[in-house]
Amino acid sequence: MEPRIGVFLCNCGGALNNIDFEAAAKEVSKLPGVARVEFSSSLCFEEGKQRMVSCIRGDNLDRVVVAACSPNFQEPGFQEVIERAGLNRYLLSMANIREQCSWAHTGDVTAKAVKLVKMAVNKVRLLQPLQTKEVPVSREVLVVGGGFSGVSVAVQLARVGFSVTLLEEGKVLGAGMSELESFYGFDAGQVINGAEMDERIEILTSCPVLEVTGRVGNFTIRISKDGQEIVRKYGAVVVASGYQTKLTSGSEAKSGRGIVSQEEFCRMLGDSGLARQPKTVGFLFDFSDESSRFSTLATLNNALTAKTKWGSEVYVFYRSVKVDSQGTERLYREARDCGVVFVKCEAPPSITAENGRVKVKARDVFAGEDVVLACDVLVGEELYLPAEGTETLSSLLNIRRDSRGFFQDENVHIYPVASERRGIFFVGECRGDLGRPRVLADISSVVAEVHALLSSGKMRVETEKVKADPQKCVACLTCIRVCPHGAIQLVRADGGKEVAGISDAACFACGVCAGICPAKAIAFQGYRDEEILAQIEAI
Amino acid sequence: MIIAERKPMEEIKRLIAPYKKILVAGCGTCVTVCWAGGEKEVGLLASQLKLARSAEGKDVSIVEATVERQCENEMVAEIKDKVASVDAVISLACGAGVQTMAEMFEDKPILPGVNTTFIGRPQKEGVWVEMCGACGDCFLDRTGGVCPIVRCAKGLLNGPCGGTRRGGKCEIDPDKDCAWVLVYRRLEKQGRLDIMRQYYAPKNYRAVKRPGKVQAAKA
Amino acid sequence: MKAMDKQIIAFCCEHSAYAAADLAGKLRLHYPENVLVIRVPCAGRIDVIHILKALEKGAAAVLVMGCEDGACHHITGNTRAKERVKYCNMLLKEIDLDGRRVEMFNLSPNAPHKFVKAVNEVVNTIRQLGR
Amino acid sequence: MSLENKNVLVVGSGVSGLSAALELANAGTDVYLVEKGAVVGGVAASFCCKATDICSRCSVCVVPDKIKQALSHPQIRLFTRSTIKEVSGEVGSFRVKVLRQPQYVDEERCIACGLCAQVCPTEPKAIYPPLAGATPFSYVLDKGGCLRFKGEKCSLCKDSCPTQAIEFDIKPKEQELKVGAIIVATGFDVFDARLKGSLGYGRYPNVLTGLDLERVFSREGYLRLPPSGREPGRIAFIQCVGSRDEGHGYCSQVCCKYAMKLAGLIKYQNPDSQITIFYIDLQSAGKGFAQFYQEYKKMIRFIRGVPVEVSQVVPGELEVKFEDISQGKVCREVFDLVVLSVGISPGKDSWDLARILGINLADDGFFGTKDSLASNETNVDGIFVAGTCQGPKDIPDSVAHGMAAAAKAIQVLAGVASHKTR
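Residue numbers (the numbering used here), protein chains in the order written: chain A, 5 to 543; chain B, 5 to 223; chain C, 21 to 151; chain D, 15 to 436.
Note that these hints are calculated values from the structure, not bench results.
Treat the hints with caution; some may be incorrect.
[Claimed, not checked] Calculated cross-link-like contacts (lysine-lysine; reagent style DSS-like; alpha-carbon spacing at most 30 Å):
(1) Lys250/A to Lys312/D
(2) Lys365/A to Lys343/D
(3) Lys77/C to Lys471/A
(4) Lys164/D to Lys102/C
(5) Lys17/B to Lys77/C
(6) Lys312/D to Lys137/C
(7) Lys113/C to Lys11/B
Sequences and hints are given; from them, build the entire structure.
Listed below in structure tokens is the structure:
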């Protein structure tokens with residue numbers, strides 16, 4: 005049946021005065037399938053919208069072209085209008101004759117406007133209606149990692165009504181929350197207790213993840229528990245696998261000969277039965293790894309404690325303090341005021357062992373001369389690394405890692421706590437050395453995101469917006485390999501043949517798959533090949 | 005899976021030079037999977053030819069068609085009208101497909117648009133590697149499932165050549181693993197290293213019957 | 021600038037280039053009017069065949085415009101688009117057409133100047149190529 | 015747990031306010047987004063993209079995205095030019111009086127056609143388009159320049175307006191909103207570089223702030239010196255202007271990175287330019303920044319030591335006096351352009367707002383929080399802070415902090431809801 009297309013031209017209150025709308029309307033009305041051309045000067049105002057609705061109804065229009073401003077802002081609005089008139093909202097195409105025509109050029113641009121409308125008419129003719137549907141989602145959430153971030157996120161998720169499984173590969177919760185982290189100002193016992201007391205949180209320790217299948221709202225996860233396998237369904241997964249630190253390798257890091265890690269030093273500080281309190285303590289950071297906020301924070305806290313608790317002489321050798329997280333500058337000043345000596349160096353100091361002490365030799369840039377110091381204890385520089393098992397976890401979850409091995413590749417700014425796969429989130433240091441304030445914000449952000457996704461127990465999705473035609477699909481797996489959001493898997497088609505199945509819930513509708521399919525089997529409604537080529541046809 | 009590669013444009017142009025109306029015929033099986041002759045590639049080649057001919061100011065008429073398996077008469081029959089309407093067909097199927105078409109349309113020149121290269125499998129997205137040389141005398145049971153005939157650059161039957169690089173890489177192509185290292189590791193894992201001690205007489209290439217034919221026993 | 025008879029097609033990612041083009045209009049940064057924008061959800065949607073068909077239809081040039089490298093909303097959409105454009109250049113070269121008729125640009129939604137610059141660049145290239 | 019019929023007020027429509035509003039709206043609450051100014055997006059909306067051949071991860075492009083999503087969200091209601099006058103009630107049932115300032119140009123009707131500016135008889139025009147990228151993109155009537163407000167009878171713009179968006183005679187409107195929770199996201203003020211008189215800002219046209227430079231790039235797309243239109247060759251960035259000093263006991267967290275990224279952009283556009291960054295401690299931490307930093311180190315000269323004085327030798331040339339700490343000597347060098355990397359200062363209106371809402375300010379002038387582990391919660395239940403009004407943050411951190419505040423609001427609303435049903 006020949007479509008009945010309605011074209012609505014708008015001159016934006018007269019602002020598009022370099023288009024001759026009368027001439028344009030005449031041209032447009034000649035296009036095949038165009039049943040009505042309507043002119044307005046205020047289509048986006050309520051009066052204009054009402055007029056559109058009555059035109060669509062009165063003239064039995066079945067698809068609509070709006071030639072006006074940019075669809076980037078107005079498309080949802082006009083979709084609503086045609087929906088009001090009883091049409092499927094996807095049977096709309098817009099011609100941007102304002103920002104990308106009238107305003108972008110000088111002189112008469114009627115011809116270009118007509119061309120843009122023609123492109124839109126060509127496209128709208130081929131558009132197909134699209135339905136949305138609600139799919140049920142599980143309200144259970146899996147949190148992987150029982151450190152500070154993992155436990156905290158579990159507690160907050162439970163607070164807003166989710167059932168949470170808190171999974172820890174190690175034997176106990178909070179193993180990562182060592183004494184070292186106490187300087188962040190929280191009580192590890194209290195945090196863990198909060199999780200243990202909450203009946204909505206199930207805690208599984210010594211339980212690694214074996215396999216992850218399924219999609220957002222409906223992940224199936226195999227977990228190993230006491231030598232047995234348990235299989236669970238989850239709506240979302242929160243990764244909180246944490247980090248580890250390692251003393252830098254090389255000459256200066258001969259641990260055990262007076263050179264210790266921040267954590268070891270922290271333990272010494274807490275040890276009341278320490279045989280001999282070190283008189284001189286040195287710290288070292290920002291030479292091997294210039295992107296660590298952790299080193300600064302750990303150094304400042306430990307240096308301050310050593311000074312106040314032991315009254316030791318404390319020297320800090322560093323290049324730049326990383327004070328770009330809240331409260332750190334204040335801590336830095338406090339340390340200086342307490343008498344911690346900061347020795348700024350451009351080059352890494354040389355370190356040698358001498359009579360059971362550690363000799364540090366460095367060039368102080370302020371004094372312009374060499375400083376030589378024999379320390380009882382030197383807290384060495386540490387590298388901030390992803391936790392062990394991060395790689396395995398990333399391949400189980402099919403999510404990317406950055407060049408340093410942490411979770412979340414590029415595009416950090418677009419998806420702050422989300423992975424590229426819908427329903428999988430990150431929290432805390434598994435994404436890198438973010439600084440404590442950011443970790444705290446992320447914990448709550450994840451809660452907000454999970455809440456928005458799962459709280460109603462269902463998810464509204466567009467049905468088969470992107471779909472592989474089972475007749476044409478040759479199951480070459482190309483789309484599965486290229487899908488940036490892990491939304492495609494092999495499924496059995498009706499005939500029993502294996503084909504690419506695109507999950508409506510997990511799909512982000514980018515079309516990367518449709519652009520590469522060698523069998524031309526993938527149809528992306530609104531951007532099908534036919535629809536794009538029809539626009540080209542109009543040039 | 006049969007792997008093929010599109011022929012160089014120069015050659016294709018030469019092949020089709022005498023003809024005005026041409027059908028680009030794709031195959032929806034192996035060559036689709038290896039991005040050489042599926043519907044997409046048919047479209048690209050057709051478009052390229054149209055562009056080329058119009059740039060040269062030549063008359064041009066290009067028709068496109070893709071069948072599910074070009075090596076089946078019944079499936080090829082579906083496009084016989086299209087074939088009838090053209091001067092020549094350029095087939096993007098493997099040799100079996102080209103020959104099927106040639107046999108069915110004896111009066112039409114059926115031109116190969118791809119070079120059929122080997123039997124292989126995808127290594128990663130967009131990369132295929134040879135896995136099987138179709139030698140007709142499979143002995144993968146004795147090599148831990150690694151075929152040295154095609155995966156060893158020299159096709160050696162009795163252990164590595166001696167030029168294996170550090171890390172078990174091939175002397176000829178350092179990006180490739182030495183097939184014999186792979187064989188060794190696999191057998192070691194299975195506790196079957198004793199098989200390595202066996203000596204293989206020069207391979208009986210008579211098993212490769214040319215032209216080959218396989219008849220299913222049950223048929 | 022007076023219109024040339026040949027059109028230039030710009031496939032623009034709605035997250036970035038399309039928004040930049042809108043902003044260019046709002047700021048009245050003028051550019052040649054033979055540029056026709058086709059909106060796509062991601063540069064990664066573009067198929068090589070779309071580009072070839074546009075040239076077949078008589079477009080003088082095709083621009084594929086996506087997000088900045090590393091800022092694609094679909095992680096790899098823009099890099100794939102770049103690869104496809106490169107592949108397309110190769111296909112054109114095979115048939116002795118100038119590959120410069122097809123170009124990839126990366127820009128952010130708040131870079132209207134970059135949009136206009138890219139468009140002008142291509143228009144100039146086409147002028148040089150003639151035809 | 016349903017959040018239907020729950021309202022939340024978000025004060026401030028910068029990137030963290032927008033993020034909070036979006037998160038709340040997606041969770042099903044109705045959001046009132048109150049903005050003091052005429053446009054949404056906050057300061058970050060006027061920043062420029064700093065991409066070279068690759069994205070420099072400056073995150074500025076997140077802002078138009080957020081604006082687009084928020085403004086088209088059916089559950090977010092925007093009040094521009096509006097301020098909070100009075101707050102009463104408690105968590106779950108706050109009553110908030112909002113004052114909407116007169117809007118001579120109705121942003122819901124203005125279609126930015128520009129006809130008004132064409133007919134405006136004054137010079138410079140008293141009605142003009144907003145900053146690049148402003149949303150809503152509605153024209154601004156400057157009362158100070160308008161003949162009408164000087165007592166003349168002119169109404170040319172009003173008469174020319176095709177959508178009747180212009181009205182001269184309007185009065186502030188007061189409205190009461192009932193909300194369950196309040197999120198304060200009022201942002202920051204850029205440090206006023208004039209306060210550091212010796213650095214010459216405001217005296218010499220070629221001393222700019224980082225913000226000025228952002229705006230030059232977003233307006234023009236390239237860098238030219240203000241009076242002459244010349245492309246500067248020798249450029250100095252001075253770090254920590256308004257950070258880590260007497261009055262500012264904190265690091266602004268953004269300046270090192272924006273300075274390096276802007277320098278990278280300048281260098282990309284003009285490879286012959288010579289750029290020097292004067293600094294104390296380089297803040298090169300942050301996800302994904304390490305590899306950029308390695309690149310920047312190759313093309314930018316870093317000098318440890320912050321200059322104390324900038325003076326003009328001849329017009330167009332500036333002499334910078336600084337102590338190169340690594341060399342241990344005082345040096346003078348001439349530059350074509352000096353960029354002051356101004357920091358983040360607490361908002362001027364914070365004090366007023368703190369009084370109205372009954373929330374505390376911290377020593378540094380930013381909004382205070384309950385404790386260091388609760389970075390969104392204030393001393394008043396149900397009132398949360400988000401973004402740079404709580405302390406310096408970059409764009410991604412502001413987004414995360416806004417989302418976090420939304421989560422906290424959802425948690426208290428959920429708590430209130432379950433409390434009531436019990």
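Here is what the structure says about each hint:
1. Lys250/A to Lys312/D: 28 Å, holds
2. Lys365/A to Lys343/D: Cα-Cα ~23 Å, so holds.
3. Lys77/C to Lys471/A: 28 Å, holds
4. Lys164/D to Lys102/C: Outside the cut-off at roughly 57 Å; violated.
5. Lys17/B to Lys77/C: Given that 30 Å is the threshold and the Cα spacing comes to 21 Å, the pair holds.
6. Lys312/D to Lys137/C: 28 Å, holds
7. Lys113/C to Lys11/B: Holds - the C-alpha atoms of Lys11/B and Lys113/C are around 15 Å apart, at most 30 Å.
Hint compliance for this structure: hint 4 alone is broken.
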